[in-house]
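**Q** Chain order of the listed sequences is C and U.
Under our numbering, the first residue of the first sequence is numbered 1, with each subsequent residue one higher.
Under our numbering, the first residue of the second sequence is numbered 1, with each subsequent residue one higher.
Keep in mind that the hints were calculated from the coordinates and are not lab data.
Only a predicted model underlies this, so the values are computations on that prediction, with no experimental measurement involved.
By construction, the Cβ of each residue, glycine as well, lies at the ideal position given by its N, Cα and C atoms.
Watch out, some of these pointers could steer you wrong.
Derived pair list, reagent style DMTMM-like, types lysine to aspartate or glutamate, alpha-carbon separation capped at 25 Å [said to hold, decoys possible]:
1. U:Lys287 with C:Glu242
2. U:Lys311 with U:Glu276
3. U:Lys360 with U:Glu411
4. U:Lys124 with U:Asp87
5. C:Lys53 with C:Asp212
6. U:Lys360 with U:Asp87
7. C:Lys205 with U:Asp119
8. U:Lys124 with C:Asp121
9. U:Lys124 with C:Glu45
10. U:Lys287 with U:Asp377
11. C:Lys205 with C:Asp90
12. U:Lys318 with U:Asp295
13. C:Lys205 with U:Glu411
14. U:Lys287 with U:Glu387
15. U:Lys287 with C:Asp180
16. U:Lys311 with U:Glu251
17. U:Lys318 with U:Glu251
18. U:Lys124 with C:Asp372
19. U:Lys287 with U:Glu175
20. U:Lys318 with U:Glu246
21. C:Lys53 with C:Asp90
22. U:Lys124 with C:Glu115
23. U:Lys66 with C:Glu272
24. C:Lys64 with C:Asp24
25. C:Lys123 with U:Asp42
26. C:Lys123 with U:Glu276
27. U:Lys318 with U:Glu411
28. U:Lys287 with U:Glu273
29. U:Lys124 with C:Asp40
30. C:Lys123 with U:Asp119
31. C:Lys64 with C:Glu115
32. C:Lys123 with U:Glu115
33. C:Lys64 with U:Glu273
34. U:Lys66 with C:Asp40
35. U:Lys318 with U:Glu373
36. C:Lys205 with U:Glu67
Example chain C residues on the side facing chain U (calculated, C-beta under 10 Å, incomplete) [claimed, not checked]:
37. Ser93
38. Asp121
39. Gly150
40. Gly153
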Amino acid sequence: MRRVVVTGLGLVTPLGTDVACTWDALVAGRSGLGLITRFDTSAYEHPIAAEVKDFDASAYVEPKLLRRIDLSSQFALAATQQAVADSGLDLASMPPRRVGVLLGTGMGSAHQIVEQQRILDEKGPRRVSPFMTSHMLPDTATGLVAMATGARGPNFAVTAACATGGATTGEAAEIIRRGDSDVMIAGGYEAPLQPIYYAGFAAMKALAVHEDPARAVRPFDLDRNGFILGEGGAVLILEELEHARARGARIYAEWRGAATSNDAYDMVGAAEDGHGVAQAMEDALERAGLDASELDYINAHGTGTALNDRVETRAIRDIFGEHADELMVSSTKSMHGHMMGAAGAVEAAIAVLTCYHGLVPPTINYETPDPDCDLDYVPNQARRADVRAAMSTSVGLGGHNSAIIFSRWED
Amino acid sequence: MDERRVVVTGIGILSAVGAGREATWAGLLAGQNGIVPTTHVDVSDLTSQVAGQVPEFDLAQYIDRKEARRMDRFTHLAVTAAGEALDQAGLDIAAEGDQIGCMIGSGIGGIGTLEQEFDVFFHKGPNRVSPLLVPMFIPDMAAGQTSIRFGLRGPNYNTVSACASGADALGTAYEVIRRGDAVAMVAGGSEACVTRMSIAAFANSRALSRNNDPETASRPFDVDRDGFVIGEGAGIMVLEDREHAEARGAEIYAEVLAYGQSADAFHVTAPAENGEGAARAMNLALKRAGIAASDVDYVNAHGTSTPLNDKFETMSLKTVFGEAAHSIPVSSSKSMIGHTLGAAGGIESAVTVLSIRDQKIHPTIHIVNQDPECDLDFVAEGPRDLEVRYAMSNSLGFGGHNASLIFGRYEG
Numbered sequence: 001m002r003r004v005v006v007t008g009l010g011l012v013t014p015l016g017t018d019v020a021c022t023w024d025a026l027v028a029g030r031s032g033l034g035l036i037t038r039f040d041t042s043a044y045e046h047p048i049a050a051e052v053k054d055f056d057a058s059a060y061v062e063p064k065l066l067r068r069i070d071l072s073s074q075f076a077l078a079a080t081q082q083a084v085a086d087s088g089l090d091l092a093s094m095p096p097r098r099v100g101v102l103l104g105t106g107m108g109s110a111h112q113i114v115e116q117q118r119i120l121d122e123k124g125p126r127r128v129s130p131f132m133t134s135h136m137l138p139d140t141a142t143g144l145v146a147m148a149t150g151a152r153g154p155n156f157a158v159t160a161a162c163a164t165g166g167a168t169t170g171e172a173a174e175i176i177r178r179g180d181s182d183v184m185i186a187g188g189y190e191a192p193l194q195p196i197y198y199a200g201f202a203a204m205k206a207l208a209v210h211e212d213p214a215r216a217v218r219p220f221d222l223d224r225n226g227f228i229l230g231e232g233g234a235v236l237i238l239e240e241l242e243h244a245r246a247r248g249a250r251i252y253a254e255w256r257g258a259a260t261s262n263d264a265y266d267m268v269g270a271a272e273d274g275h276g277v278a279q280a281m282e283d284a285l286e287r288a289g290l291d292a293s294e295l296d297y298i299n300a301h302g303t304g305t306a307l308n309d310r311v312e313t314r315a316i317r318d319i320f321g322e323h324a325d326e327l328m329v330s331s332t333k334s335m336h337g338h339m340m341g342a343a344g345a346v347e348a349a350i351a352v353l354t355c356y357h358g359l360v361p362p363t364i365n366y367e368t369p370d371p372d373c374d375l376d377y378v379p380n381q382a383r384r385a386d387v388r389a390a391m392s393t394s395v396g397l398g399g400h401n402s403a404i405i406f407s408r409w410e411d
Numbered sequence: 001m002d003e004r005r006v007v008v009t010g011i012g013i014l015s016a017v018g019a020g021r022e023a024t025w026a027g028l029l030a031g032q033n034g035i036v037p038t039t040h041v042d043v044s045d046l047t048s049q050v051a052g053q054v055p056e057f058d059l060a061q062y063i064d065r066k067e068a069r070r071m072d073r074f075t076h077l078a079v080t081a082a083g084e085a086l087d088q089a090g091l092d093i094a095a096e097g098d099q100i101g102c103m104i105g106s107g108i109g110g111i112g113t114l115e116q117e118f119d120v121f122f123h124k125g126p127n128r129v130s131p132l133l134v135p136m137f138i139p140d141m142a143a144g145q146t147s148i149r150f151g152l153r154g155p156n157y158n159t160v161s162a163c164a165s166g167a168d169a170l171g172t173a174y175e176v177i178r179r180g181d182a183v184a185m186v187a188g189g190s191e192a193c194v195t196r197m198s199i200a201a202f203a204n205s206r207a208l209s210r211n212n213d214p215e216t217a218s219r220p221f222d223v224d225r226d227g228f229v230i231g232e233g234a235g236i237m238v239l240e241d242r243e244h245a246e247a248r249g250a251e252i253y254a255e256v257l258a259y260g261q262s263a264d265a266f267h268v269t270a271p272a273e274n275g276e277g278a279a280r281a282m283n284l285a286l287k288r289a290g291i292a293a294s295d296v297d298y299v300n301a302h303g304t305s306t307p308l309n310d311k312f313e314t315m316s317l318k319t320v321f322g323e324a325a326h327s328i329p330v331s332s333s334k335s336m337i338g339h340t341l342g343a344a345g346g347i348e349s350a351v352t353v354l355s356i357r358d359q360k361i362h363p364t365i366h367i368v369n370q371d372p373e374c375d376l377d378f379v380a381e382g383p384r385d386l387e388v389r390y391a392m393s394n395s396l397g398f399g400g401h402n403a404s405l406i407f408g409r410y411e412g
């Protein structure tokens with residue numbers, strides 16, 4: 001059986017434009033949320049988002065291409081370049097067909113679609129960009145990353161709403177395990193901060209409201225009242241174990257197993273009994289060959305909505321039984337917001353780093369316990385801990401769920 | 001490790017030649033042209049004014065009226081095609097829903113909903129935007145809503161690889177069953193792209209035919225082809241663990257033998273020179289199926305009717321099949337239903353399975369002057385009875401995505 005390890009990471013998040021800055025902020029419990037600066041928000045009382053700040057795409061993308069691609073693809077390319085460099089892989093010396101790309105996104109090129117729709121509306125169809133077709137599809141970035149890296153192996157995008165990142169990373173690992181590639185560039189990216197999408201989420205009444213932006217997302221807290229949109233990208237370099245060993249690569253963690261499921265219940269809300277996400281957790285544990293008691297940390301979906309956090313807590317109790325009280329469960333969305341299609345990938349990367357550093361980032365803004373949410377949410381302070389195995393869970397619109405498990409690497 | 005095998009036990013299709021499996025198949029065999037003057041949207045100011053539109057169908061068969069308003073058309077098409085496939089398969093979903101998953105590829109998801117909401121946003125303001133904009137638009141919703149409607153609780157997501165989306169969804173679903181993560185998967189592709197933005201965008205990238213005569217616009221492999229005709233539709237199959245299907249006495253229409261995929265890593269919209277990437281996907285599929293190129297009896301081509309695709313695809317078929325390429329019948333369903341983008345791989349794989357079921361292949365229509373650079377047997381003269389043991393369906397997408405699926409006759 002081929003084994004899969006993580007040998008490189010790249011992150012562009014509201015907490016920082018690389019892995020080191022993001023990780024420092026996570027363990028310091030800093031918030032990446034603020035008032036929206038990207039567009040006119042006069043129609044809203046509490047216009048809060050988790051924006052990526054000080055991102056210099058030109059460090060990763062050559063100028064001619066940069067002008068043509070969406071912000072979402074820029075995040076994907078930046079995270080990829082970081083992750084490839086971090087892995088120490090010399091892709092040029094590898095057979096190109098043994099390197100694949102699977103990146104997920106919820107919506108794809110959100111900015112360019114809006115811009116072109118405005119052109120269609122105001123100036124007519126003949127003025128729509130000839131590049132629009134390649135940007136209209138959510139697999140734009142997988143193609144761009146293949147071109148940037150020369151990766152000619154398996155290549156497609158995965159979308160599963162907010163469970164995208166987890167589903168993508170798991171499927172990419174399975175491609176290596178079954179022998180169809182040796183290295184996969186896997187992850188997720190999203191740039192949803194456009195007025196129309198913001199208006200759609202605001203109309204759903206799902207966005208958090210708070211006087212202080214930094215305190216808006218309060219997962220598992222009694223006074224939580226919604227999520228906040230975030231943006232960014234995360235890429236994990238997944239590599240077949242013997243391939244990584246042969247080149248003496250630094251191994252962050254081992255991928256152990258993953259699962260996806262569907263509630264088959266409602267297009268927006270999760271099922272109250274949490275059966276869907278529970279099934280994903282249970283299947284992932286089984287595929288990982290781990291007993292529930294061997295898991296030490298869950299990076300929860302923990303959006304900060306009343307329903308999600310209650311349902312997720314219930315699912316964890318169902319699957320982990322008594323061990324649920326021993327588990328550390330944190331929602332890093334309290335700091336980086338809800339990065340939609342990138343969320344599962346960012347949080348998978350955080351689960352990996354947790355195993356690697358033996359350090360668990362907190363759930364910030366946790367002040368008043370909710371009787372329906374009674375787990376150890378690592379409140380407000382990072383914690384040193386021996387993390388043998390960590391799971392990242394994601395739950396999406398459309399009833400999608402994913403769970404992915406990594407374990408500490410010991411050679 | 002025991003090697004699980006995967007078979008097809010249900011097929012559902014909605015296309016421009018028929019809103020149902022048998023109607024589509026009969027239409028394709030008869031060489032019926034499904035391309036019509038576009039009526040779904042106002043095309044008076046668009047350069048392309050013909051499309052493959054699915055004829056009116058009974059939405060209420062699988063979706064109640066209230067739910068239907070909460071879904072984009074690509075989801076209507078997907079749920080209806082999935083319903084047809086599931087009715088045929090007869091799975092016991094109540095008992096096994098946890099082990100039945102769903103993967104439906106879509107290139108652009110609910111683009112029609114997005115365009116409508118843009119109209120609201122630009123002209124009436126942000127406060128009037130629908131709370132269902134995001135959940136109706138996101139491209140995973142075909143898989144999501146299909147699961148919700150039928151109770152499919154297993155592995156679930158959407159794969160996007162432009163015009164190879166449906167094929168990659170089927171291929172990934174096949175791998176999900178092979179690795180034991182599900183006993184059955186409802187998989188394929190769906191697209192409802194006959195919208196103003198889709199047409200304008202594809203037209204301006206010079207991918208669409210500028211020929212607005214429905215009788216000649218989509219003409220794969222003809223020397224006068226000048227682009228594809230946009231089409232909508234859905235093609236969804238029930239893939240099932242072979243032992244599971246046999247144990248319950250299900251009717252089996254074909255076996256899924258292999259899935260090969262590759263990336264050109266070359267250009268955003270143009271295929272790699274000589275169809276190198278496509279050839280690589282086909283060779284991978286042949287190798288994984290454990291059959292020789294000469295064993296393939298029929299190829300359902302991507303055959304879009306763009307000058308470059310058809311030329312390079314012909315070259316890639318010659319690379320893979322060598323001299324034998326000239327004796328293998330190759331047909332393009334797109335000559336009749338148009339290019340259904342993310343649905344294409346789903347519909348055309350389903351058509352390939354029907355070719356195996358009935359031992360008949362459909363023609364490529366509209367070839368008047370065959371391009372000398374496309375010098376294969378494109379079944380131009382009409383449908384053909386053929387012994388089909390092994391058949392291949394190819395999908396090649398913008399962004400350099402290539403997927404090849406091989407199906408085999410079920411030998412019991």
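**Q** Run the structure past the numbered hints and jot down the numbers of the failing ones, going up.
**A** 4, 11, 13, 16, 17, 18, 20, 21, 24, 26, 27, 34, 37
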